[in-house]
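Counting the sequence shown from 1 gives a position; the working numbering is that position plus 147.
Treat the hints as calculated values from the structure; they're not laboratory data.
From a predicted model like this one, the values you see are computed outputs, not experimental measurements.
C-beta atoms are modelled at their ideal positions from N, C-alpha and C, and glycine is treated no differently.
There may be inaccurate statements among the hints.
Label pairs and their in silico Cβ distance ranges [unchecked claim]:
| id | residue 1 | residue 2 | range |
| --- | --- | --- | --- |
| 1 | E308 | P151 | 21 to 27 Å |
| 2 | A211 | G185 | 32 to 38 Å |
| 3 | P381 | Q251 | 18 to 24 Å |
| 4 | G260 | A305 | 19 to 25 Å |
| 5 | P384 | R357 | 21 to 27 Å |
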Amino acid sequence: MNRPCGEGWEALRGDPIPRLLNDERPGVRARVLTGIMGRPPNSPAVRRARSGANAAEPVAGLLADLWPDGTGQGRVPRWHPAGEGWRLVEAVAWGADPTCPRLQAGWRLALGGLRQDGGWRTSGSDGAPSTAFTARILEACAPVLGWRSDLRIGEAAAWLEEVPSWDLPAVTGAAVLAALRGADGRRPRLRDRAVAALVDALEGGAISARLGFPNRRRTDLAEVLCGLALSGIPYDPVMHSGLRRLQRVQKPGGPWGEGDADPRSPELPVTAGALVALLRYAVEAGLPRMFPERPTTPRPAVS
148 MNRPCGEGWE ALRGDPIPRL LNDERPGVRA RVLTGIMGRP PNSPAVRRAR
198 SGANAAEPVA GLLADLWPDG TGQGRVPRWH PAGEGWRLVE AVAWGADPTC
248 PRLQAGWRLA LGGLRQDGGW RTSGSDGAPS TAFTARILEA CAPVLGWRSD
298 LRIGEAAAWL EEVPSWDLPA VTGAAVLAAL RGADGRRPRL RDRAVAALVD
348 ALEGGAISAR LGFPNRRRTD LAEVLCGLAL SGIPYDPVMH SGLRRLQRVQ
398 KPGGPWGEGD ADPRSPELPV TAGALVALLR YAVEAGLPRM FPERPTTPRP
448 AVS
């Protein structure tokens with residue numbers, strides 16, 4: 148039996164960093180540089196990657212119908228599964244440049260088209276707003292519009308903090324943690340609520356082991372454990388089985404999931420999330436050593 152790893156990288160079956168830093172996916176590259184390699188968001192390497200993200204697939208395709216004033220061709224309703232609203236959400240998830248004026252204009256119009264009575268909901272929907280939908284929108288729009296620039300963002304966060312119960316608690320919690328990573332310490336009570344929801348879901352075995360990206364009304368082990376790691380949450384024994392699952396499903400050579408030439412293949416972002424989780428928690432979780440040699444790429448900052 149393999150002995151427990153002494154450093155996070157030893158829990159890997161291979162080094163995925165070279166494929167994650169591929170120039171063909173500059174949005175993913177920017178996320179890896181900041182989330183795994185520890186580069187500041189304003190560093191030259193991150194700025195270069197972000198500046199090229201909107202011209203590369205899949206972001207270019209997702210924003211193809213977006214005009215400079217934020218309007219689009221509107222072939223289907225904005226919040227239809229294939230509509231402009233969800234395309235904006237996915238573009239941000241894939242690492243779109245948040246400083247792009249076209250993207251910012253698109254988000255202002257998208258928020259203006261939602262009903263906000265505490266949380267957000269589509270204009271035609273009945274009943275109470277969904278916490279999961281609200282959190283996913285907050286996750287995507289906050290890094291583009293900024294927490295200080297739009298009162299609706301703060302109102303949505305306050306509602307998520309105060310509403311008595313969350314629908315889809317794990318989905319809401321994962322999205323909330325992602326949204327708060329750029330909030331400069333705002334909403335500590337909301338952060339604690341999100342962490343508690345994810346710990347409860349892990350303890351109850353309610354997190355899907357089927358990895359996917361980008362997630363909407365679902366979440367999975369890679370997103371949840373990566374979100375906890377990037378939010379600075381200490382190791383909890385309830386994470387152990389999920390971490391072991393991530394370790395077991397890593398492919399030889401480093402990636403998670405099957406490689407695919409399709410630019411929307413989830414392999415790279417799923418790999419990035421799983422990698423963050425293992426590097427952060429593998430030693431405390433006592434995961435067995437898999438990697439026989441130190442990776443040749445630069446040592447990740449989260450290890």
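Results for each hint:
1. E308 to P151: 21 to 27 Å: violated (39 Å)
2. A211 to G185: 32 to 38 Å: Given range 32 to 38 Å: holds, Cβ gap about 33 Å.
3. P381 to Q251: 18 to 24 Å: For P381 and Q251 the Cβ distance comes to about 36 Å; the hint is violated.
4. G260 to A305: 19 to 25 Å: Hint holds: Cβ distance 21 Å, inside 19 to 25 Å.
5. P384 to R357: 21 to 27 Å: holds (23 Å)
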